[in-house]
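Peer 1: Put together the whole structure using the sequences plus the hints.
Protein chains in written order, with the working numbering: chain A, 1 to 245; chain B, 1 to 512.
Bear in mind the hints are in silico, worked out from the structure with no lab data behind them.
Straight line, CA to CA, 25 Å or less: simulated DSS-like cross-link-like pairs of lysine-lysine:
1) K76(B) to K26(A)
2) K178(B) to K290(B)
3) K26(A) to K56(B)
4) K117(B) to K26(A)
5) K76(B) to K70(A)
6) K294(B) to K239(A)
7) K67(A) to K76(B)
8) K290(B) to K239(A)
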Amino acid sequence: MPVLTVIFALLLYAATLVLAVGLVLKIVSYARTPAPLKIPTMPAPTTRSGVAWRLAREVALFESLFKSNKWTWLFGWVFHAALLLVLVRHLRYFTEPVWGWVALAQPFGIYAGFAMLAGLAALWGRRLLVERIRYISGPSDHLMLALLIGIAASGLAMKYVAPTDIVALKLFILGLIYFDWQPLPADPALLAHLFMVAVLMIVFPFSKLLHGVGVLFSPTRNQVDNARERRHVAPWAAKLEGGGD
Amino acid sequence: MAKYEVPELESHRDIPSLAPGAMAESNPYPAAPEHQEALGFPGELVDDWHDRAIGKFGELLDRSRSLRVYMDACVKCGACTDKCHYFLGTGDPNNMPVARQDLMRSVYRRYFTLSGKLFPGLVGARDLTEEVLDEWYRYFHQCSQCRRCSVYCPYGIDTAEISMAAREILDAVGKGQKYCNEILGKVHKIGNNLGLPEPALVDTLEGIEEDIEDETGVKVRLPVDEEGADILLVTPSADFFAEPHVDGLIGYAKVFHQAGVSWTLSSYASEAANFAMFIGSYEQMQEVAKRIRKAAEDLGVKRIIVGECGHAWRVAYSFWNTLVGPFDFLDPNYPVPQHICEFTYDLIQQGKLNLDKSANDHMTLTFHDSCNVARGSRMGAEPGGQFHIPRAIIKACCNNFVDMADDTIHENTFCCGGGGGLLTDDLMELRVKGSVPRMDALKQVHEDHGVTHMAAICAICKSQFAKVMPEYGFEMDAIVSLHQLVSNAIVLDGQGQEDEEDGHADMADENG
Ligand code: SF4
Ligand code: SF4
Ligand code: SF4
Numbered sequence: 001m002p003v004l005t006v007i008f009a010l011l012l013y014a015a016t017l018v019l020a021v022g023l024v025l026k027i028v029s030y031a032r033t034p035a036p037l038k039i040p041t042m043p044a045p046t047t048r049s050g051v052a053w054r055l056a057r058e059v060a061l062f063e064s065l066f067k068s069n070k071w072t073w074l075f076g077w078v079f080h081a082a083l084l085l086v087l088v089r090h091l092r093y094f095t096e097p098v099w100g101w102v103a104l105a106q107p108f109g110i111y112a113g114f115a116m117l118a119g120l121a122a123l124w125g126r127r128l129l130v131e132r133i134r135y136i137s138g139p140s141d142h143l144m145l146a147l148l149i150g151i152a153a154s155g156l157a158m159k160y161v162a163p164t165d166i167v168a169l170k171l172f173i174l175g176l177i178y179f180d181w182q183p184l185p186a187d188p189a190l191l192a193h194l195f196m197v198a199v200l201m202i203v204f205p206f207s208k209l210l211h212g213v214g215v216l217f218s219p220t221r222n223q224v225d226n227a228r229e230r231r232h233v234a235p236w237a238a239k240l241e242g243g244g245d
Numbered sequence: 001m002a003k004y005e006v007p008e009l010e011s012h013r014d015i016p017s018l019a020p021g022a023m024a025e026s027n028p029y030p031a032a033p034e035h036q037e038a039l040g041f042p043g044e045l046v047d048d049w050h051d052r053a054i055g056k057f058g059e060l061l062d063r064s065r066s067l068r069v070y071m072d073a074c075v076k077c078g079a080c081t082d083k084c085h086y087f088l089g090t091g092d093p094n095n096m097p098v099a100r101q102d103l104m105r106s107v108y109r110r111y112f113t114l115s116g117k118l119f120p121g122l123v124g125a126r127d128l129t130e131e132v133l134d135e136w137y138r139y140f141h142q143c144s145q146c147r148r149c150s151v152y153c154p155y156g157i158d159t160a161e162i163s164m165a166a167r168e169i170l171d172a173v174g175k176g177q178k179y180c181n182e183i184l185g186k187v188h189k190i191g192n193n194l195g196l197p198e199p200a201l202v203d204t205l206e207g208i209e210e211d212i213e214d215e216t217g218v219k220v221r222l223p224v225d226e227e228g229a230d231i232l233l234v235t236p237s238a239d240f241f242a243e244p245h246v247d248g249l250i251g252y253a254k255v256f257h258q259a260g261v262s263w264t265l266s267s268y269a270s271e272a273a274n275f276a277m278f279i280g281s282y283e284q285m286q287e288v289a290k291r292i293r294k295a296a297e298d299l300g301v302k303r304i305i306v307g308e309c310g311h312a313w314r315v316a317y318s319f320w321n322t323l324v325g326p327f328d329f330l331d332p333n334y335p336v337p338q339h340i341c342e343f344t345y346d347l348i349q350q351g352k353l354n355l356d357k358s359a360n361d362h363m364t365l366t367f368h369d370s371c372n373v374a375r376g377s378r379m380g381a382e383p384g385g386q387f388h389i390p391r392a393i394i395k396a397c398c399n400n401f402v403d404m405a406d407d408t409i410h411e412n413t414f415c416c417g418g419g420g421g422l423l424t425d426d427l428m429e430l431r432v433k434g435s436v437p438r439m440d441a442l443k444q445v446h447e448d449h450g451v452t453h454m455a456a457i458c459a460i461c462k463s464q465f466a467k468v469m470p471e472y473g474f475e476m477d478a479i480v481s482l483h484q485l486v487s488n489a490i491v492l493d494g495q496g497q498e499d500e501e502d503g504h505a506d507m508a509d510e511n512g
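Peer 2: Okay, structure coming up:
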């Protein structure tokens, strides 16, 4: 087995492990930390299903961001929607035979690649050009955009500039899944692409990329407006009461 | 304090360009040792402040999901950067909500995250130094905890939660703020923010009764400590003496009188405000709220109604049940607690109030949504009742009402600039500049629609506006209590000549 294949196989396993374990630990820590008081941003839904609908709108449509700033919303939403399509397109490397709906989505995935790149470029432009956003941006915020742009660009390069052997690539990926390693094509664009994806997976649980799960745990968004009807007491607060009375 | 310039009002205000350090000198008076110690906080900055601060920070991260999630989730999208009235009024970049959060997030990353421990420069992590602590003190006392930023953040990051946590840490190391902590001491000791003792309260209320009788010819009572009354009214203590607050109190009294209900104030719990929310202390907030529960139990009332006060209504509506509930000793047929606006609105709906709108014809009104009511609570059964109900009351009492621009009302409302424990003279520059977005909107309806007065349902808003409006060329009395309008319009049974004998019998049966 070529050394390169071994290195990348191990890297991708490690990245997957870090991503999965890191995310689970984070989610557990969010879930276990109690929200002591009712703080939904009002007006808020008065039922659980209403809250689910509010969260769904936040996740799918970025409702609050839309209220806030139409340009940021547009660039951000285009980027995320495109990313989703691109991920769907990539499912063809993980499934054999390829699922029907994944096959159907293929052509859209291509356009989405460009849309993703455009969205990222626009977001970066904003970050550099709008004084307020430049002020709040740190090195890691720029690097994160650079990383994502690198991933998108190297991906598109494989489609349009230096095509890679996608049949061999698929064998490599399926091989990883079934622990039956197959050689990885040694194309620079592919190696760069995979490397950056692995980096992204590794930093995910330690970075602001956590916003993806954060929104679901945000008390201002996920709480029901029923404070008068239902008593809500955090475990640590209940202990205070027990000791106090 | 250095003299500052009062900003010009504008019909369309550009987002200011950044003026770093513009408000770096804004530094409220520190709490004296006796005020700190009365609340169980160290009297002055402790020697091991660094370790204690980090320890407290860790404790809060374990206690509060909002803090934990909000420290992680921000993507620096910038959507909140132009949403804070203090930024719009001062241009100081640290008053952009995300930058304010970053003052604390940078420390969080340094001590509580792997990336910040390994690569501090890369992720903007920094050590907690005395300068940083000082910066916290200054800029977390430039946040009125109005939560406007949380409306616009894609993750609902609520800077108020972060300000509260910061102030809690500052208190824990002995760096408390005078205004809040001194007032809290008074509530614990005397029962209200003003330190108004029982005899003075009784005296004041008698004076008000006389005034009402002189004005209307009707004997309207303002009872205090009356055991067996049905309703306990808890209202901000400003209502007992200051203009325009007291006119609101007169309004409540007239409404109760007309409804024919028995009600009482309590001298033990003569304060609706709960400044413990501003300093983020759950335990203090619980202590203050306990007074009200105890008063209700001791007096044997069936219902609790809260007067016009923004943050007090947030605490009452959203937190009381948690802090000092359950209120199973009260009548389950009524919401606990109930807002005075809900009470008045119900009566209007049932046609039980005789309102003469022309009594308010000398005014054209607009309404300031107090942020704590708008974004931190509700009225009525439906979401948004907190917007609709006060307006419905105003419209039932006045012929001339105009709303301010859409992006400045309802959940988008701008803070008055003096909330969150900042209503103190040592923060005057901040208060004046922070009120700019609200003043812009008011000026607009003044010019376009001839608005003369603005009604509010929050004691802090009213005090703040009475103080800052003259700076912008408005009359001091252009701010009115909502129940002042009710008071003007209401025609009491027996008021004037026509004395309907049977009037009272009809009113006597309670509103639903
Ligand atoms: S809570 Fe209000 S005052 Fe504080 S940062 Fe947000 S908008 Fe500004
Ligand atoms: S809107 Fe929310 S996520 Fe965006 S910068 Fe502000 S706090 Fe961060
Ligand atoms: S004082 Fe009024 S406007 Fe200002 S924070 Fe409190 S409720 Fe909001």
